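> This is what each chain is made of:
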Amino acid sequence: MEKRIGLEASIAVAEVVGLCDADVISAYPITPQTHIVEHLSEMVADGELQAAFVPVESEHSAMSVCCGTVAAGARTFTATSSQGLALMHEILFIVSALRLPVVMAVANRSLSGPISIWNDHSDVMAERDIGWVQIFAENAQEALDLTIWGFRLAEDQRVSLPVAVNFDGFILTHTIEPVLMPDRESVQAFLPAFEPLMRLDVDQPITMGPVGIPDIYTEAKKAHQEVLTQSYGPIVETLDAFAKSFGRQYLPVETYCADDAEVLLLTMGALGETAMTAVDQRREKGDKIGLVRLRLWRPFPFDDLIRAVGKVPVLGVMDRAISPGGPSPVASEVKATFYQQEQRPKVVEFTVGLGGRDTPLSDFDGMFDTLLAVHRGGEIPKPTIIGLRE
Amino acid sequence: MSKATNPVESYLRMDRMPSIWCPGCGIGIVVNCFARALQQMGVDHDELAVVSGIGCTGRIAGYVDIDSFHTTHGRPIPFATGLKVARPDLKVIVMSGEGDLVSIGGNHLIHAARRNSDVKVICVNNFTYAMTGGQAGPTAPRHSIATTAPYGSFDKPFNLPFLADSTGAVYVARWTTYHVRQLTRSMAEAMSKPGFCFIEVISPCPTIFSRRNRLGDGLDAMRYYKNSSKVVNGANTRMVGLDLNGPIIVGKFIDRDRPTLLEAMDEEIGSKLGKRYVPYATTGVQR
Ligand SMILES: Cc1ncc(C[n+]2csc(CCOP(=O)(O)OP(=O)(O)O)c2C)c(N)n1
Ligand code: SF4
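Residue numbers (the working numbering), protein chains in the order written: chain A, 1 to 390; chain B, 1 to 287.
Next comes chain A alone, as it looks inside the complex (with noise of 0.2 Å):
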């Protein structure tokens, strides 16, 4: 029977990494991801979980820890944040590019510099181009949900590949909120022992991630193009045995408001749920107003934006990082989505949340002028910074 408590996301997705029998978990401390590693380390010292813990001396060392857990078969979980997801760089292409399913929890933190421990996106979107499947939760609940999830979705076989769940740090690592924890059973049934596509075995010996020269290394990328790209039916699939399982429904792209909107706007992470309290003021006030959630963030759902977007003419995008240079990351891939299509909104551009300053409820108002300007035929914006001191 599920249960429903108060709990610290941080430590509710420790408590399913148990439910998820996880054979080894190897992290290094970082703010503010250390409470799900503290915990999942007391529960292995007081023998609630068998598995090992393994503390190491940095984050690098923490994913290649997971690389040779994974390869030797055991179901394997990690987390950090910011400047530790930045040092696991050069080891997060290895692992999704030999197809070894860590579960990882990234609690969203800003990068430095300048020096900030903070909520924003910065960290996930420096990390775009790792080939994982990167999704991001909004609340306390899609991010224990998700978890279970990313171990259904990693080890199928058919996709066999890592998975990053995303949460905002502090926003959602260090707040309690009512939560639905799943029973063990049901978390069991849902959640097939771990059979890898590969693993080594002494009985049957393979080597993994030997040199890729010119003659392959191209097939080698295309394949992983393809398997990332491919994993989106699988990830519907799975999302839907979950709702099955626990009756909690999740999707790539999600909506809310927008059947009749005059003007959408787009968020990802616990944003979103302002975003939600929000919409709701202005529609009390007859503003027609939605919101798309943008759940998956690789592979891309592209079908699913388009659709959810539909004939909607004006399309507000919230980005938590910026590209100094270039269009800011989420802005980018939405415009690229509509590029080819005929029906297209006009896409306004903002800058939110950097480095933990808060977006309050009357930024979004702010920001649901300008999107309802914009529809009544005003100009495009230039890309915007919100709640910027001037």
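Quick caveat, the hints were computed from the structure, so don't treat them as lab data. Be aware that a few hints might be false.
[As the list claims (entries may be wrong)] Below 25 Å or equal to it, Euclidean Cα-Cα: the simulated SDA-like pairs (lysine to any residue) are:
#  : chain 1 : residue 1 : chain 2 : residue 2
1  : A       : LYS222    : A       : VAL211
2  : B       : LYS156    : A       : GLY47
3  : A       : LYS288    : A       : GLY366
4  : B       : LYS156    : A       : GLN50
5  : B       : LYS156    : A       : GLU42
6  : A       : LYS311    : A       : GLU333
7  : B       : LYS156    : A       : ALA52
8  : A       : LYS335    : A       : PHE302
9  : A       : LYS311    : A       : PRO299
10 : A       : LYS285    : A       : VAL347
11 : B       : LYS91     : B       : ARG114
12 : A       : LYS222    : A       : LEU197
13 : B       : LYS156    : A       : VAL56
14 : B       : LYS156    : A       : SER58
15 : B       : LYS193    : B       : PRO78
16 : B       : LYS156    : A       : GLU57
17 : B       : LYS156    : A       : LYS221
18 : B       : LYS156    : A       : VAL44
19 : A       : LYS222    : A       : GLU237
20 : B       : LYS156    : A       : ASP46
21 : B       : LYS156    : A       : PHE53
22 : B       : LYS156    : A       : SER64
23 : B       : LYS156    : A       : HIS39
24 : A       : LYS221    : A       : ILE91
25 : B       : LYS156    : A       : HIS60
26 : B       : LYS156    : A       : PRO299
27 : B       : LYS156    : A       : VAL54
[What the hints assert, rightly or not] Examples of chain B residues lying across from chain A (beta carbon under 10 Å, computed):
#  : residue
28 : ASP15
29 : PRO18
30 : GLY99
31 : MET131
32 : THR132
Quick caveat, the model's predicted, so the values are computed rather than measured. Glycine included, C-beta positions come from ideal geometry on N, C-alpha and C.
Model the placement of chain B with the ligands on the given structure of chain A, informed by the hints.
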């Protein structure tokens, strides 16, 4: 009426006070000793630079009124090496925690010692990753409690003086934050000595390490350091490992001479090229 000022204030950014450090924390004492060493040596503010990494100790870079750089986690030693190579005229001092310098930055530490990079490393060892809330780090004593070792740490900790000694440091000392005079003198000695110098400072973290291990407050730490330390100058570094709450051997363990990174480079290339080679160490960026 003139306001009484502490003589070390000229080396500190008093406008940033009070610091973020907790009551009873040892890091402030280390900063104080450092400022006193500078004062005693009569070093001018623009003759030196301070580099620190990330952690409670790493915050030192922001509190000294000296050119300083707060690097990313683990990287102060290579940064300092770069600084020293570009400005051989500066004294370059690294101040950071044992997690920063020995875990994530451990590789840099051993190679800088091996190469005898002319930087002075002051390593504040509080036996835990304090800034991130007290996980077990590279010096966590066996059986000490940490958030990642709720029933006690089980992996073998580094003996830092031995590590620095065996990888090539020319000066190695250890003091506690109780030994303020000796620590100040050691800092001055290290800053006057060419080559890779390493000073370990055993320092209390009452908020996290001491509390979790029931070691009392800052004052209790001082009592412990006073009662349990023994000065053994020249001690065999192999023998100075630490146990939780056990005896602490302090002193100047190593003081030897060998060419620094730049001197060795000049010597080697100079011997091959003769007059054609303009020595780097003496000219630096002015060359
Ligand atoms: C790449 C990276 N990983 C992890 C962290 C998180 N982090 C900040 S300080 C710290 C450890 C600090 O311990 P120590 O160096 O011993 O200094 P103390 O806080 O104890 O003075 C860690 C793990 C980080 N900032 N960057
Ligand atoms: S947490 Fe520990 S090391 Fe950090 S400032 Fe407080 S007492 Fe000092």
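> For the restraint on ASP15(B), tell me whether the closest CB of chain A is nearer than 10 Å.
violated, 18 Å
> If you draw a straight line from the CA of LYS311(A) to the CA of GLU333(A), is it 25 Å or shorter?
holds, 19 Å
> Straight-line Cα separation of LYS311(A) and PRO299(A) no greater than 25 Å?
holds, 24 Å
> Taking only the CA atoms, is the gap from LYS156(B) to VAL44(A) under or equal to 25 Å?
holds, 19 Å
> Does ARG114(B) lie within 25 Å of LYS91(B) when you go C-alpha to C-alpha?
holds, 19 Å
> Take the C-alpha atoms of LYS156(B) and SER64(A), compute the straight-line distance between them, and say whether it is at most 25 Å.
holds, 21 Å
> Between LYS285(A) and VAL347(A), does the CA-CA distance stay at or below 25 Å?
holds, 24 Å
> Identify whether the interface hint at PRO18(B) stands, where standing means a beta carbon of chain A within less than 10 Å of its own.
Where the cut-off is 10 Å and the nearest Cβ of chain A is about 20 Å from PRO18(B), the hint is violated.
> For the pair supplied as a hint, LYS156(B) and LYS221(A), confirm whether the alpha-carbon distance does not exceed 25 Å.
violated, 42 Å
> Against the 25 Å threshold, does the CA-CA distance of LYS156(B) and ASP46(A) hold or violate the hint?
Given that 25 Å is the threshold and the Cα spacing comes to 21 Å, the pair holds.
> Need the status of pair LYS156(B), SER58(A): alpha-carbon distance at most 25 Å?
Holds: LYS156(B) and SER58(A) sit about 17 Å apart, inside 25 Å.
> Please work out if LYS156(B) and PRO299(A) have their alpha carbons no farther apart than 25 Å.
violated, 43 Å
This entry does not satisfy hints 17, 26, 28, 29, going by the numbered hints stated previously.
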